[in-house]
Amino acid sequence: MGQILAELGSGFAVALHPLNLALVLFGCFAGTLIGALPGIGPINGVAILLPIAYSLRLPPESALILLAGIYYGAEYGGRISSILLNVPGDAGAVMTTLDGNPLAKRGEAGRALSLSACASFFGGTLSVVLLTVFGPPLADFAISFGPPEYVALMVFAFATLSSLVGRNPTKTLLGAIIGLMLATVGVDANTGVNRYTFGIPDLFSGIDFLVVVIGLFGIAELLHLVEAQARGHLALTAVGRSFVSWRDLMAVKWTLLRSSIIGFIIGVLPGTGASVASAVAYGTEKRVAGEDGRTFGTGNIRGLAAPEAANNASAGGSMVPMLTLGIPGSGTTAILLGALLLFNIQPGPLMFDQHPEIAWGLIASMYIGNVALLLINLPLVGLFARLLTLPQAYMIPLIAVLAFIGVYSVVGNPFDLYMMIGLGLLGWVLRKLDFSLAPVILGVVLGSLFEDNLRRALSISGGDWTILLESRESLILYAMAVLIVVVPVLLGRRRRTSRSEADPPA
Amino acid sequence: MADRIAALVILVVAGLYGLVAFTAIKAPFQYDPLGPESWPQILSIAAMLCALAVLARPDAEPDWGGGSTLGRLGLALAALVVYAIAFQPLGFLVSTFLFCAGLAWRGGAGAARALLFGLGIAVGGDLLCTRVLELNLPAGVLGL
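Note that the protein sequences, when read in sequence, are chains A and B.
Just so you know, we're using the working numbering here: the first sequence kicks off at -3 and counts up by one.
Just so you know, we're using the working numbering here: the second sequence kicks off at 24 and counts up by one.
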């Protein structure tokens, strides 16, 4: 414990460096702005701004601090459009609309916004504390992982992904495989053989990660906005003067604690982020609330606090596997992980030893960021709310310009612009067909890691596949993977049969 | 229906992807037992199995919106492609001005406002990116 505190202290030394402090504050502010824009969530915001952060030639820890600030800033900001417009900024904020918007319609928008800011702060801060406590031991444990254990870890990651993310598990898995396939384009690093480059020199070094991210999350989002715009306009509710009271906070204190812990745990699971966390927390809270649960969905403050605490807690939780295992805990951390790879830093168990300034600097900056976000969000919420009235006619070209600048300034190759638009169209179609895009990006990020570890494992064993099942750690991971796939299916079946028994078909 | 078409497309693409993996990818000197071809082979089979599963049990048809929605989308997509084509030869300033003004105007902003918006983003973006942030943007026709 003492050592953790000492390391955290050195992290604060990094995070309090004037440049980094300014970046945290700027990132949180910009993130809240981005999150508040309807339709643009953390993953789009981080994706669109990643190349710009990269080309600023910041040191890696500063760039990561900036991007992480945008990440949890956007998690805070997402609630604003959910509450005032009934339009979630992204999938993670869907649950916030259920009780947040009815409160706003009742004229208590100010109360809803300030209460959810407090819930976000609580969830965010608790999860950073848990990250500080549990991150380093997990990294120590993971240092003993060899290639076979990493293969098992990947299988576990994709199992949780397909079981918990999205409505259709097959489609989620297919999305992840599409990502893995995209990652195979380019020269194979082990043998120098070209794969799927079709003789196009632009493809030899593979499809640039930035291009994939901006295409799938920037351009696809833009097309989505065009579609939403063509379908009609949005009605904005006024913020009003109501404010959160101490009694409200006391009424939701156990809700906050429960939901934050749920959010953190779900965030830690590889691949599952805010959307799953907020949905599970809301469902749990509704069940725990018993009689009070009937008013959920009509403006119950517990129903508002639960998903907000959970989705911010999941942001901290999803940093755990990224920093300790090198496996992203959510779609957005997949992008952060890709950002580290751009700086030639391989995230993983050794990061706490080899790059403590990054790991601990990031953790310390999250403490600062959460406090800053609470301070920014309570008084300035009216300002952010005004952003919602920014007409889409201006927002759509603006996103495109940011995407073009991002892709062009890093690689300087017009070919990437076409690729980005193509991937954007692909992303829009996939989204339309109810595929979630986070698995695709996870596949792209994890593709080479998965393949390399599989090949390394089989090199060690001389081609004997049983090496994958030899260690205890891998077997435990496979068992967990099977459980996480099977349990929801069984639960769903039991619920369905008990429901059909309860009310027989007429 | 849309699901079935998508699943068929994925099936065909994954099949071609697998065909390349099983026939064309070969390393002249190979140090590991798997080589560069095994991983794509595994992926192609997994993708085809998933696509078959979607083909067998497709979801409900998504709401594609009317013809006017799709028309707007097509227009936005065309604008993006034209912007990409013009980006390097015309340069950031000119292409961004045309793109932003055009799209904002089509999106329902008044003509004067759209022109002003395009000018602001082009000049402001250029100053911010090339002077302050020192990013690499194409100068194009104005860079002579």
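None of these hints come from the bench; they were simulated from the model.
Hints may contain errors.
If the Cβ cut is set under 8 Å, some of the chain B residues that face chain A in the computed set are [unchecked claim]: (1) Thr46; (2) Leu57; (3) Thr119; (4) Leu160.
A few chain A positions that, by computed beta-carbon distances, are all more than 12 Å from chain B [unchecked claim]: (5) Asn82; (6) Pro133; (7) Asn190; (8) Arg290; (9) Leu471.
Built from N, CA and C at the ideal position, the CB exists for glycine as well.
Comparing the hints with the structure gives:
1. Using the Cβ-Cβ criterion of 8 Å, the hint placing B:Thr46 at the interface with chain A is not satisfied: the shortest such distance is roughly 13 Å.
2. Hint status for B:Leu57 relative to chain A: holds, with the closest Cβ pair at about 5 Å, below 8 Å.
3. Proximity of B:Thr119 to chain A holds as hinted, the smallest CB-CB distance being about 6 Å (cut-off 8 Å).
4. For B:Leu160, the interface hint holds, the least distance from its beta-carbon to any beta-carbon of chain A being 6 Å, beneath 8 Å.
5. Chain B leaves A:Asn82 outside its interface by the beta-carbon criterion, the shortest separation being 18 Å against a cut-off of 12 Å.
6. Against the 12 Å criterion, A:Pro133 stays outside the reach of chain B, whose nearest CB is about 33 Å from its own CB.
7. For A:Asn190, the shortest C-beta to C-beta distance to chain B comes to about 8 Å, within the 12 Å cut-off, and the non-interface label is violated.
8. Distance check on A:Arg290: its Cβ is at least 30 Å (rounded) from any Cβ of chain B, clearing the 12 Å threshold; non-interface status holds.
9. With a closest Cβ-Cβ approach of about 21 Å to chain B, A:Leu471 is found to remain outside the 12 Å limit, as its non-interface label requires.
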